[in-house]
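J.: Okay, here's what each chain looks like letter by letter:
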Amino acid sequence: MVTATPNAEPGAERLDRLRAALNRALRGKHGVIEYVLACLLARGHLLLEDLPGLGKTTLAKAVAAAVGGRFARVQCTPDLLPGDVTGFSVFNQKSREFEFLPGPVFADVLLADEINRTTPRTQSALLEAMAERQATVDNVRHPLSPTFFVIATQNPVEHHGTYPLPEAQLDRFAMKLSVGYPDRADELDLLASAVGEPSDERARDAVLAGDDLADLQGRVSRVAVQPNVRAYLVDLGRATRAHANVTLGLSPRGLLIWQRVAQAWAFLKGRAFVTPDDVQDVSQPVLGVRLGMEPRAAQEIVRRLLESVPVPV
Amino acid sequence: MAPDQPRTVRRATFVLLALAAAAVEVAAADTRPVAHSLGHALVWVALAAALMRIVPVPEDPRAKPPGWVFALLLAFAVAPFVTEPLRRNWTDGGYPLELQMVAGLRNVGLGLAACAGWFLCLRTAAVVSLFLMLFSSAMTNHTAVLVLLGLYAGAGSVWLVLTYWTGLRPALVRSDRVVAVEVEPGRVRLPWVGLTVLLLASSGGVALAVVGPKRAMYTLGELVPTSGGTGDVDPFARYGVGDGPEETAGDNAKAAGMVDTDKLIEDNENSLVDLVSDTYGPPYKPPPEQEKMVAGGSAKVIQTDGKPPDGRRPSSAFDTARKGPKGDRTPADRAARGLFEVEGRTPLHIRLVAYDHYDATAHRWTGARKPVGKHLDPEGGDWMRVGYVRPADWYLRDERHRLKVATAKGNLVPTPPLLTRFRINRVDRPDYYEWDYEGVLALAGRKTTPPGVVVITDCRTLDPHRLPDAAFGRTGADSGSPPALGEVPAALRPELERLARAWAGDRPRGWPQVAAVLAQLRTGYAHDRAAAPPADHPAPVLWFLLESRRGPDYLFSTAAALLLRALDYPARVCLGYYAAPDAYDRETDHTPVTAQDLHFWPEVQLRDGHWLVIEPTPDYEVLEPAPPLLERILNGLRACAAWLARHSVAAACALALGVVAVRRRRRLIDAVAVRWWLWFPGRTWRDHVRGAVRLLERRGRWCGCPRAPGQTVAAWARSVTGGATCDADLVRLVRLTELAAYAPDGPAPAEARAVCRRALVAWPLTRWYLRTTPTGA
Chain A
1 MVTATPNAEP
11 GAERLDRLRA
21 ALNRALRGKH
31 GVIEYVLACL
41 LARGHLLLED
51 LPGLGKTTLA
61 KAVAAAVGGR
71 FARVQCTPDL
81 LPGDVTGFSV
91 FNQKSREFEF
101 LPGPVFADVL
111 LADEINRTTP
121 RTQSALLEAM
131 AERQATVDNV
141 RHPLSPTFFV
151 IATQNPVEHH
161 GTYPLPEAQL
171 DRFAMKLSVG
181 YPDRADELDL
191 LASAVGEPSD
201 ERARDAVLAG
211 DDLADLQGRV
221 SRVAVQPNVR
231 AYLVDLGRAT
241 RAHANVTLGL
251 SPRGLLIWQR
261 VAQAWAFLKG
271 RAFVTPDDVQ
281 DVSQPVLGVR
291 LGMEPRAAQE
301 IVRRLLESVP
311 VPV
Chain B
1001 MAPDQPRTVR
1011 RATFVLLALA
1021 AAAVEVAAAD
1031 TRPVAHSLGH
1041 ALVWVALAAA
1051 LMRIVPVPED
1061 PRAKPPGWVF
1071 ALLLAFAVAP
1081 FVTEPLRRNW
1091 TDGGYPLELQ
1101 MVAGLRNVGL
1111 GLAACAGWFL
1121 CLRTAAVVSL
1131 FLMLFSSAMT
1141 NHTAVLVLLG
1151 LYAGAGSVWL
1161 VLTYWTGLRP
1171 ALVRSDRVVA
1181 VEVEPGRVRL
1191 PWVGLTVLLL
1201 ASSGGVALAV
1211 VGPKRAMYTL
1221 GELVPTSGGT
1231 GDVDPFARYG
1241 VGDGPEETAG
1251 DNAKAAGMVD
1261 TDKLIEDNEN
1271 SLVDLVSDTY
1281 GPPYKPPPEQ
1291 EKMVAGGSAK
1301 VIQTDGKPPD
1311 GRRPSSAFDT
1321 ARKGPKGDRT
1331 PADRAARGLF
1341 EVEGRTPLHI
1351 RLVAYDHYDA
1361 TAHRWTGARK
1371 PVGKHLDPEG
1381 GDWMRVGYVR
1391 PADWYLRDER
1401 HRLKVATAKG
1411 NLVPTPPLLT
1421 RFRINRVDRP
1431 DYYEWDYEGV
1441 LALAGRKTTP
1451 PGVVVITDCR
1461 TLDPHRLPDA
1471 AFGRTGADSG
1481 SPPALGEVPA
1491 ALRPELERLA
1501 RAWAGDRPRG
1511 WPQVAAVLAQ
1521 LRTGYAHDRA
1531 AAPPADHPAP
1541 VLWFLLESRR
1551 GPDYLFSTAA
1561 ALLLRALDYP
1571 ARVCLGYYAA
1581 PDAYDRETDH
1591 TPVTAQDLHF
1601 WPEVQLRDGH
1611 WLVIEPTPDY
1621 EVLEPAPPLL
1631 ERILNGLRAC
1641 AAWLARHSVA
1651 AACALALGVV
1661 AVRRRRRLID
1671 AVAVRWWLWF
1681 PGRTWRDHVR
1691 GAVRLLERRG
1701 RWCGCPRAPG
1711 QTVAAWARSV
1721 TGGATCDADL
1731 VRLVRLTELA
1741 AYAPDGPAPA
1751 EARAVCRRAL
1761 VAWPLTRWYL
1771 RTTPTGA
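So the protein lines, in turn, are chains A and B. Counting from 1, position 34 in the first sequence corresponds to residue 34 in our numbering; the numbering is continuous, with no gaps. Each number in our numbering corresponds to the 1-based position in the second sequence with 1000 added.
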């Protein structure tokens, strides 16, 4: 069980406000919220794999609203084109020039709903945006928001007419989460809060100022990682490549993301340095999205991997 | 995940070095007990093992080892040269320079194995171990070295498999942990500096030996003592090939080890005549009108006469009327420590002369030479079987001895009694041997037995208490034994018969009677080598038996032989050497026999032709059959029980302390470790905190809740406390540990040491055992 701890570091108050806002939007999911925050602060992207109606969109909207950024949503369907995501150029009859019409990727928070329903061609259009925070259209490079954050969702149950995400794209997500059903008390609370004014109508004010998120992300990047912890991370990464049940081990990019998420996790815990506990705490969502392994055995495999590598003390 | 191959390879390398170190110690002094050598090796190996635990494993094994590793290796290499003077002062023993250098190399190898985290050290350690093992194998053919060589071969195979495996499975093993034996790409620079230094050193040594002072040459010669060190400069340098002065085969009379040799040489040593006269005094010279009966003379006369064979043997006559030895028998100088060395059980009687006939008028024993009908038969494996021995059912299994001639006084082939077969290297022709007397073997046609000759003998053993009456012969004309063996001078017979029958009493014929006579002599008479009968006494034996009741061993033997003859037992006396158990040398496992061990004893002939050695002289014993294994075990147990009974209080205290120590060993170790942690807190506060955590981890491990390798300290603490966060001391220590292990450099937290101490106090071993909630913490 992951619990939020009061943050006494600089920026802690903003972090607490952000945490509170997300907890208000998604009730009873403190653990998930912590991971989402870690992903956001680590400048990663999030893949939500869960059943319909569990609050994925709500969470994405809440994140967008809380950070004060622009929210965009793409409902991924088989006929969705890459231009529908990145934007396209149209000819302006008046100016006799082509004008670029930015697509949804130019938002601060992009929700790619049911991303596995669109074609690989359209999925790959997101690759550049997620990895390099830019979009190239008609050979023209268009930078995205520095706090660009993708929340993609996919349905694990319905497989007909879906296009599994390629490994290259999976590796660009920082973590994969499952929201899961709320418990009984939270559902009762949810029903109670729905009586009266519709939830969509409720005001959702931004809790962060313009550059607050970038500032927090900068602080996270400065969280110290000592050589022994780095060696631990590298050992874990190499262990994934040597494991018999893992067909695709951790890439160097995945290792970088893991370290950044661990930094964010330490920051969320109010620490200025990363410990092996941080590395282990974020291992399941980070490795779950990128290691080639049997999904049902993923949790057990990751646990065994963690057990096999000695923790430096 | 693949196994942790590099750690296994490091351990395998260390095993190789440990085996090589043991082999070097055994080979360096292969005459001492193997346990001592292994103990010496164990000290260095334990030191290296402790070092191995301290030396960190580098993150990059391919990196060049840091400077302190070389300093450490240098200290290890120098250590034998530092300890050698101490050893020579304290133990009167020492190694020659060459072995000191090998010991230094052994230490370097162990140090390299301890630092095997660096591939350079690991590979060099393996090469050093190979050199040491080859050196040891070349030095000696000791069984222990051969066993170690076999173990080394097995361990080396495992080492090769492991290194090959790590290179073969890069998919399973991290590439930086692969121990590659291939040549690394890139041009390799020759170590010019090292080569130049080596060349200069070699050239300097040669130049010094050639044009320098002679002493320098001798000193350099001591560096290769196993190839001919002289011992003039370094007293611990050794001679020739082998084990030095005590092991030289061939023309050096100082030989003492059991080395077979083909070289049979002549020498001009003094004869046995001098030795007998030195030991027992010159024989009594009769008045001038009496006929001269003493054979032989000074060695020089014999040598210049050109008739050495007879003169070089002891006289065929022995006067029992003597004046006693003169002067101190301690030799001023001795080339070797003994005439020959005996390997095997002692006491042992080695015949030199056998005397059959006693002349009461002249008071002398005489013996017949060259017994007839005693032939030798060649047997397989260069053995010579003694042909006249007839099997009898009262003998036990044969016992083997090895006797090495060092400074022979004649052409005697030293053999124990009841000989059944013998072997001298590959001399397999019977005509090389002859019987000087019955049971006394000699080299045919030779003046002396060459130094270095090793005689391997198999002899029967028997327990005289089990001999039946029929086993003893009789002296009558129809008994088959020579008449001389039963002769008792008529002048002495009445008194001797009276005495013998009185001593034998009504005991049955056989061993009981013999034992009774021996018991009377051993208990009622005193052994006094200096005592001598008056020169004009008509019967020295009667003087000894009835008047003085003390005398030298030849009077004991003469008395016993004549008394037994009076009881109708065929008996004779023998002159020879007595290998005394007191002289047994534990270091060489040999018993040296010196000129001082010349001895007389009587023998009784058995019906099968064998001569049974009996010992009437006090302080001398006869070799008894080796007890069976069970009896030896029981004897050992009895000895242990007796020792315990003598030291019952001390043993009880030691036992009680031992029991307490065993039962509370963990508490004791923990207490010592905590004290150590308090006294040596480490260089930084981080070391101190890590030490505290390790102490707690050890307590947890002992009590069944160890920290798994993949478990963080925080997770382990949570599992220990059951997730309870109320244990403030442990929580604080966990936070402190995280700070110490993972935080960037910074000032020490306040009360860091106090937090550690509180956690150690709050979580003692008892609490780990009980795993209860803290009370007052």
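Where hints are given, some of them may not hold.
Unchecked claim - Covered by chain B, per the in silico footprint, the following chain A stretches (three or more residues, Cβ under 8 Å): (1) 111 to 125; (2) 274 to 288.
To be verified - Beyond 10 Å from chain B on every Cβ pair, some chain A residues (computed): (3) E13; (4) K61; (5) D215.
Derived from the structure by calculation, the hints contain no laboratory data. Positions of the beta carbon are idealized from the N, C-alpha and C atoms, including for glycine.
J.: Checking against the hints above, which ones are violated?
T.: 1
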